[in-house]
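Peer 1: Each chain is listed here by its residues.
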Amino acid sequence: LEVTPVLGRAGDRLPCGADIDDLFEQVADGRPPTDPAHQQSCPHCRAALPEIANLWEPVQALAAEHITAPPGLLSRVMTRIRALAQDAWHGVLVGDRGLTRIGARVVGSIARMAAARVPGVGLAIARGRTVTSEEEAAEERSRGASRVGVAGSRTVLELDIVIRYGSDARVLAERVRETVIADVTALTGLTVKTVDITVADIT
Amino acid sequence: VRDDRDDDWLVDRARSGSVDAFEALARRHRDRVYRTALRLTGNSYDAEDVAQEALVQAWQRLDTFRGDSAFATWLYRIVVTRAYNVRRSTRRMELVDEVPETAAPGADRVVEERQQRHDLAEAIAALPFDRRAPLVLHQFEGLSYDEIAVVLEVSTATVRMRLFRARRELADRMRDWR
Numbered sequence: 001l002e003v004t005p006v007l008g009r010a011g012d013r014l015p016c017g018a019d020i021d022d023l024f025e026q027v028a029d030g031r032p033p034t035d036p037a038h039q040q041s042c043p044h045c046r047a048a049l050p051e052i053a054n055l056w057e058p059v060q061a062l063a064a065e066h067i068t069a070p071p072g073l074l075s076r077v078m079t080r081i082r083a084l085a086q087d088a089w090h091g092v093l094v095g096d097r098g099l100t101r102i103g104a105r106v107v108g109s110i111a112r113m114a115a116a117r118v119p120g121v122g123l124a125i126a127r128g129r130t131v132t133s134e135e136e137a138a139e140e141r142s143r144g145a146s147r148v149g150v151a152g153s154r155t156v157l158e159l160d161i162v163i164r165y166g167s168d169a170r171v172l173a174e175r176v177r178e179t180v181i182a183d184v185t186a187l188t189g190l191t192v193k194t195v196d197i198t199v200a201d202i203t
Numbered sequence: 001v002r003d004d005r006d007d008d009w010l011v012d013r014a015r016s017g018s019v020d021a022f023e024a025l026a027r028r029h030r031d032r033v034y035r036t037a038l039r040l041t042g043n044s045y046d047a048e049d050v051a052q053e054a055l056v057q058a059w060q061r062l063d064t065f066r067g068d069s070a071f072a073t074w075l076y077r078i079v080v081t082r083a084y085n086v087r088r089s090t091r092r093m094e095l096v097d098e099v100p101e102t103a104a105p106g107a108d109r110v111v112e113e114r115q116q117r118h119d120l121a122e123a124i125a126a127l128p129f130d131r132r133a134p135l136v137l138h139q140f141e142g143l144s145y146d147e148i149a150v151v152l153e154v155s156t157a158t159v160r161m162r163l164f165r166a167r168r169e170l171a172d173r174m175r176d177w178r
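Here the protein sequences line up with chains Y and U, keeping their order. Using my numbering, you'd call the opening residue of the first sequence number 1 and step up by one each time. Using my numbering, you'd call the opening residue of the second sequence number 1 and step up by one each time.
Do not take every clue at face value.
To be verified - For each label pair, taking beta carbons as the anchor points, the in silico distance ranges come out as: (1) U:27 / Y:158: 33 to 39 Å; (2) U:15 / Y:119: 21 to 27 Å; (3) Y:189 / U:122: 21 to 27 Å; (4) Y:66 / U:19: 47 to 53 Å; (5) U:158 / Y:169: 56 to 62 Å; (6) Y:117 / U:15: 19 to 25 Å; (7) Y:97 / U:19: 26 to 32 Å; (8) U:154 / Y:19: 20 to 26 Å; (9) U:117 / Y:185: 29 to 35 Å.
Calculated directly from the structure, the hints in this document are not laboratory data. The structure presented is a predicted model; accordingly, all values stated were derived computationally and were not measured. Built from N, CA and C at the ideal position, the CB exists for glycine as well.
Excised from the complex, chain Y in its bound form (with noise of 0.2 Å):
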């Protein structure tokens, strides 16, 4: 076949001054032209269009093909799923020889035994909750940045605990959060974001 000169150089126009990129938008898009009253008598236009329309065809063909998802994608993607959001009850540990998972209410018992362990605690009870991916990825987005750091290796913990009568809540709040995360990072590895402590009640 010999090759046509209409398809030039981009920004080319045909000698009737028809812009070749949008004649093949046209073709592309199946859409009406711009100037169909030119388009019916110009000569060079209506040699381009059919043309183009030749050329454009394998690429129409291709676009025609029915193309599905292999089998077994889906459930791929949902296995993986799945685990991932069973590592929301955990916190997570990711080493090079594999995952440790250390249960939420792991977590919270180191933290309770730390607290009761300070001088004026009476009772403590704890939840440790890790963190969740949409809390790290809200708090990314705060900071401007869009990395979503490791999840399930940070800690959020609440505790509630009981104070003896003659303790300064405050003083004694931030004892036991040293002591809460001192002990659950040594004993666990994780990485203990917050805690929460709520002064309960006094004896």
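With the hints as your guide, set chain U onto chain Y.
Peer 2: Relative to chain Y, chain U alone:
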């Protein structure tokens, strides 16, 4: 529009932790995710990797979807980004052998057409990414210039210019085959 509303409903539930809701979303969108990945990468191996990673990432980042665009648009952005990052694997070379040799009558034409589609898919995947992405989203996914502008975070005029160039470059390649 109804589809978008259903998506929004599912996204809401998935965000509050429903894996089942996300599975429904993934089922609705898996074909478009895979198809886009296939056209962007040019081979089924990379396409499956990209599609899988994109869907898992969508789950992990669901909270960053704000609903100011359609879920599908947001998902396209993830697929495009993943495809951009993919290092073209050496496995794709095996695809050369994917066209079966056969001696059945009339098979020549079938083989030729299949070869042509394969070459075209390769030519598309070989386009520079800034032109490949708008071409795939427009020509194969049917997105409007405005929608592509949202996905690629560029202006509509830029999308149009890149499409012009993509069509030219592809047409040049195809003309060489004749």
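Peer 1: Determine for every hint whether it applies to the structure shown.
Peer 2: Each hint, compared with the structure:
A hinted range of 33 to 39 Å holds for the C-beta pair residue 27 (chain U) and residue 158 (chain Y), which are about 37 Å apart. Between residue 15 (chain U) and residue 119 (chain Y), the C-beta spacing of about 44 Å breaks the proposed range 21 to 27 Å. The supplied range of 21 to 27 Å is broken by residue 189 (chain Y) and residue 122 (chain U), whose beta-carbon atoms lie about 48 Å from each other. A hinted range of 47 to 53 Å is violated for the C-beta pair residue 66 (chain Y) and residue 19 (chain U), which are about 29 Å apart.
For the hinted restraint 56 to 62 Å between residue 158 (chain U) and residue 169 (chain Y), the CB-CB distance of approximately 60 Å keeps it satisfied. With their beta carbons about 39 Å apart, residue 117 (chain Y) and residue 15 (chain U) fall outside the hinted range of 19 to 25 Å. Evaluation of the 26 to 32 Å hint for residue 97 (chain Y) and residue 19 (chain U) yields a pass: the beta carbon distance comes to about 28 Å. With their beta carbons about 21 Å apart, residue 154 (chain U) and residue 19 (chain Y) fall inside the hinted range of 20 to 26 Å.
A hinted range of 29 to 35 Å is violated for the C-beta pair residue 117 (chain U) and residue 185 (chain Y), which are about 58 Å apart.
Violated hints, in rising order: 2, 3, 4, 6, 9; the structure is consistent with all others.
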